[in-house]
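Undergrad: The listed protein sequences derive, respectively, from chains A, B and C. Read in order, the letters of the first sequence are residues 1 to 305 in my numbering. Read in order, the letters of the second sequence are residues 306 to 610 in my numbering. Read in order, the letters of the third sequence are residues 611 to 915 in my numbering.
To be clear, the hints were calculated from the coordinates, so they are not data collected in a lab. Certain hints may be false.
With beta-carbon atoms standing in for the labels, derived distance ranges [unchecked claim]:
id : chain 1 : residue 1 : chain 2 : residue 2 : range
1  : C       : GLU727    : B       : THR545    : 22 to 32 Å
2  : B       : GLU418    : A       : GLN33     : 47 to 57 Å
3  : B       : ARG481    : A       : GLU267    : 22 to 32 Å
4  : A       : GLY110    : B       : GLU422    : 28 to 38 Å
5  : C       : GLU727    : B       : GLU451    : 41 to 51 Å
6  : B       : GLU422    : A       : SER130    : 31 to 41 Å
Computed from a predicted structure; not experimentally measured. Just so you know, even glycine gets a beta-carbon here, dropped at the ideal spot from N, CA and C.
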Amino acid sequence: MQTQQRISHFVSLDDLSTVEIERLIARGLELKQGASPHRTVTKTVANLFFEHSTRTKCSFEMAEHHLGLHVLPFETATSSVQKGETLLDTCKTLEAIGVDALIVRHGETGYYERLQEQLRIPIINAGDGSGQHPSQSLLDLMTMYEAFGDVTGKTIVICGDLRHSRVARSNAHVLRRLGATVIGSGPREWFDDTLGIAYQEIDEALTSSDIIMLLRVQHERHLDDQSFEATVYHQRYGLTHERMARIRPEAIVLHPAPVNRGVEIAEELVEHAQSRIFDQMTNGVFARMAILERAFDEPTTKETI
Amino acid sequence: MQTQQRISHFVSLDDLSTVEIERLIARGLELKQGASPHRTVTKTVANLFFEHSTRTKCSFEMAEHHLGLHVLPFETATSSVQKGETLLDTCKTLEAIGVDALIVRHGETGYYERLQEQLRIPIINAGDGSGQHPSQSLLDLMTMYEAFGDVTGKTIVICGDLRHSRVARSNAHVLRRLGATVIGSGPREWFDDTLGIAYQEIDEALTSSDIIMLLRVQHERHLDDQSFEATVYHQRYGLTHERMARIRPEAIVLHPAPVNRGVEIAEELVEHAQSRIFDQMTNGVFARMAILERAFDEPTTKETI
Amino acid sequence: MQTQQRISHFVSLDDLSTVEIERLIARGLELKQGASPHRTVTKTVANLFFEHSTRTKCSFEMAEHHLGLHVLPFETATSSVQKGETLLDTCKTLEAIGVDALIVRHGETGYYERLQEQLRIPIINAGDGSGQHPSQSLLDLMTMYEAFGDVTGKTIVICGDLRHSRVARSNAHVLRRLGATVIGSGPREWFDDTLGIAYQEIDEALTSSDIIMLLRVQHERHLDDQSFEATVYHQRYGLTHERMARIRPEAIVLHPAPVNRGVEIAEELVEHAQSRIFDQMTNGVFARMAILERAFDEPTTKETI
């Protein structure tokens with residue numbers, strides 16, 4: 001058990017100190033400025049995405065490329081998981097074959113707990129059920145630090161389906177640890193009291209926030225629901241042109257994407273000067289490079305135990 | 306707008322001058338002879354194939370490999386397109402992540418128009434709906450130039466479902482621009498008057514043609530149709546042994562493949578000495594290398610704008 | 611025909627002499643000890659897996675990586691096979707595009723026979739229907755030789771669905787050629803008289819065996835059958851804790867995986883000191899490196915004919 005705790009898993013920002021988190025943010029920004037990555041050309045990783053993704057998967061792939069990592073192709077759809085193999089046995093197989101780290105997105109909240117106990121290679125959580133999405137949090141933080149230096153004393157409003165969002169869950173906690181004030185907004189019935197943050201109406205929250213973080217309305221959850229009206233959502237909770245005109249001049253707008261243009265935010269505002277939505281995607285590559293470097297840089301990973 | 310027009314998109318041969326087209330043909334043949342490719346090891350591309358493909362996709366992958374390009378894996382089936390993200394936003398995401406060119410096959414005719422306006426990286430069209438298939442045209446041209454030097458004064462008969470074929474559409478136009486005579490043949494009701502070419506019965510057209518280009522009968526469109534009889538098609542419009550005996554001794558036979566053996570052409574004739582069907586596949590790699598070189602060679606791509 | 615027989619296909623161990631087989635085993639073990647692989651960086655291979663796989667596919671991918679091979683991505687699900695193209699034409703296409711060897715798993719027993727006749731590049735069989743799985747046999751042999759030096763005079767019991775197992779078929783024959791005694795066990799009605807081996811009850815066979823090879827109960831065949839009771843199977847034929855206590859102290863336990871924990875073997879015994887199940891997976895990478903080296907090392911492959 002002792003040796004296993006020293007493996008540099010990255011499953012939740014809750015497991016990292018604020019010093020470690022700020023070191024990762026700084027490293028991500030440094031890499032963006034052109035610092036040389038710690039290339040690890042002898043290592044192999046595998047990306048196990050059991051849920052759909054473009055941004056997170058492609059972003060990890062690009063980060064892996066920049067570090068010179070070998071990526072073992074793994075298609076969940078044609079793997080033995082389809083023959084009923086458990087996630088743990090699939091991961092143990094990959095470890096036995098020589099994979100040095102696993103990047104995993106899985107629908108089961110906390111899937112990584114058993115893996116952390118049983119594997120001797122790092123697990124990097126790319127999203128678990130309605131649990132955590134720590135690499136997304138890190139890129140969000142990078143984008144905020146890039147704009148403001150840090151988040152101490154800043155106010156962030158997170159607007160949307162907080163109850164089902166792993167982005168909201170990951171961010172709400174870490175932002176407060178780093179000294180920010182976090183407010184929840186959007187439909188009152190989608191608010192989650194267990195996040196430990198206050199609720200405000202969007203029109204009130206907007207004018208006092210430095211960072212406006214919009215959450216995605218999940219098609220699979222709401223947009224197919226006939227009682228849900230996209231245009232009504234947009235008018236009541238979305239970032240309309242009217243609302244955009246009232247945000248602070250230095251405030252920035254974030255969204256984890258994919259964006260439903262015209263729902264969470266007006267079509268053309270995605271590319272607005274105060275929007276950082278595409279910057280978030282760019283920053284995601286550097287955030288993930290910092291995360292992968294950490295997995296291999298530590299003196300206590302697999303080889304040296 | 307002005308700067309964007311200088312990006313070396315490759316979406317239709319109609320956008321290229323005949324000088325440019327002949328330069329690409331010559332470059333493809335030069336690469337086939339062993340010329341060193343312009344390696345671009347610092348670049349990343351992504352192949353977005355929203356329709357099934359073996360030849361085109363594998364051929365682009367091989368061309369990318371020969372140029373030393375990094376290929377970002379992208380699976381349409383597990384991407385956020387499944388969450389309703391638009392093609393444009395998917396492409397903008399890949400651009401933000403650092404992809405330098407996109408190779409796209411998509412079912413929507415002219416899908417590339419909005420992309421060309423909005424992206425600052427080249428789009429290479431690997432087939433759009435019933436529109437264009439310019440890289441296929443280029444490899445067809447390469448195969449013809451390889452046999453005859455050029456196509457000036459040559460007669461080409463295109464036989465099959467001209468109405469639904471993007472190969473026919475791409476080829477009919479460019480061949481005439483390059484000085485060839487193009488004839489349509491096959492079922493009269495599948496002929497397309499808008500192509501601006503004459504129709505002839507296959508038995509008449511065969512004996513006067515230098516190049517016989519057979520089009521694929523699309524399973525998904527016709528072969529599942531109970532009124533369609535593969536053997537009847539073969540007898541009336543296919544390249545039977547009898548018809549093969551009557552073509553000119555120097556004539557060549559092309560087919561974009563996959564071939565329905567025994568339908569468009571008799572089983573064993575696919576490997577006939579006058580068939581260039583497998584040469585087309587080989588040439589496809591070199592044609593695509595020339596296309597990719599062009600995307601990155603131009604002094605006016607992304608970096609320098 | 612003569613030249614084609616000289617291509618180093620690897621479709622069944624029946625085609626190799628015992629000297630060749632033992633040379634491959636020795637080479638696999640040598641590579642595991644750290645011998646330098648014969649790197650073949652100018653070659654391209656493609657993995658065509660028409661059936662689900664994690665271990666075999668990932669293991670070949672890792673072996674290919676260690677040899678420096680270029681792997682052309684090929685997704686069966688989005689290939690033209692979906693448009694009705696035959697396996698032979700798909701393979702000929704890949705050959706025309708420049709692929710130097712094909713690794714194929716396919717549901718049709720003996721699929722490789724026509725390919726061997728028509729292709730000039732090596733076919734490596736990664737499993738055909740209920741036929742052969744020669745690379746699995748090779749890694750099983752490597753694991754046995756690693757434990758015992760060789761298999762002369764050793765007794766192996768293969769327990770499970772022998773009738774539908776290509777692992778059983780491949781192993782039963784080669785083990786006897788190499789001097790071992792092979793016994794079949796498990797449900798009497800799943801036994802296959804055509805394998806030419808004797809049947810024994812598991813409790814009898816266990817105590818006299820040096821190698822206990824468990825076969826996977828195939829979900830898709832039995833576990834969904836309501837008359838099949840996993841717990842009954844485990845009690846009657848599985849490696850329970852009670853049975854494990856009675857095997858020889860030097861005996862080893864093998865399973866081709868994926869394991870149905872609690873069915874073929876008790877949950878915790880997968881990681882037992884006498885289990886070689888994860889060693890098999892590790893050895894699979896080296897076995898496949900030896901197989902791939904053979905495909906390219908021979909002086910009589912494609913280029914030199």
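Undergrad: With reference to the structure, classify each hint as holding or not holding.
TA: Cross-check of the supplied hints:
At roughly 25 Å, the beta-carbon separation of GLU727 of chain C and THR545 of chain B lies within the given 22 to 32 Å, and the hint holds. Checked against the hint of 47 to 57 Å, the pair GLU418 of chain B and GLN33 of chain A fails, with Cβ atoms roughly 36 Å apart. Checked against the hint of 22 to 32 Å, the C-beta distance between ARG481 of chain B and GLU267 of chain A comes to roughly 42 Å, which is inconsistent with it. Take GLY110 of chain A and GLU422 of chain B: their Cβ atoms lie about 44 Å apart, and the range 28 to 38 Å is violated.
Distance hint for GLU727 of chain C and GLU451 of chain B: a CB-CB separation of about 28 Å, inconsistent with the stated range 41 to 51 Å. Range check, GLU422 of chain B to SER130 of chain A: about 38 Å between beta-carbon atoms, so the 31 to 41 Å window is met.
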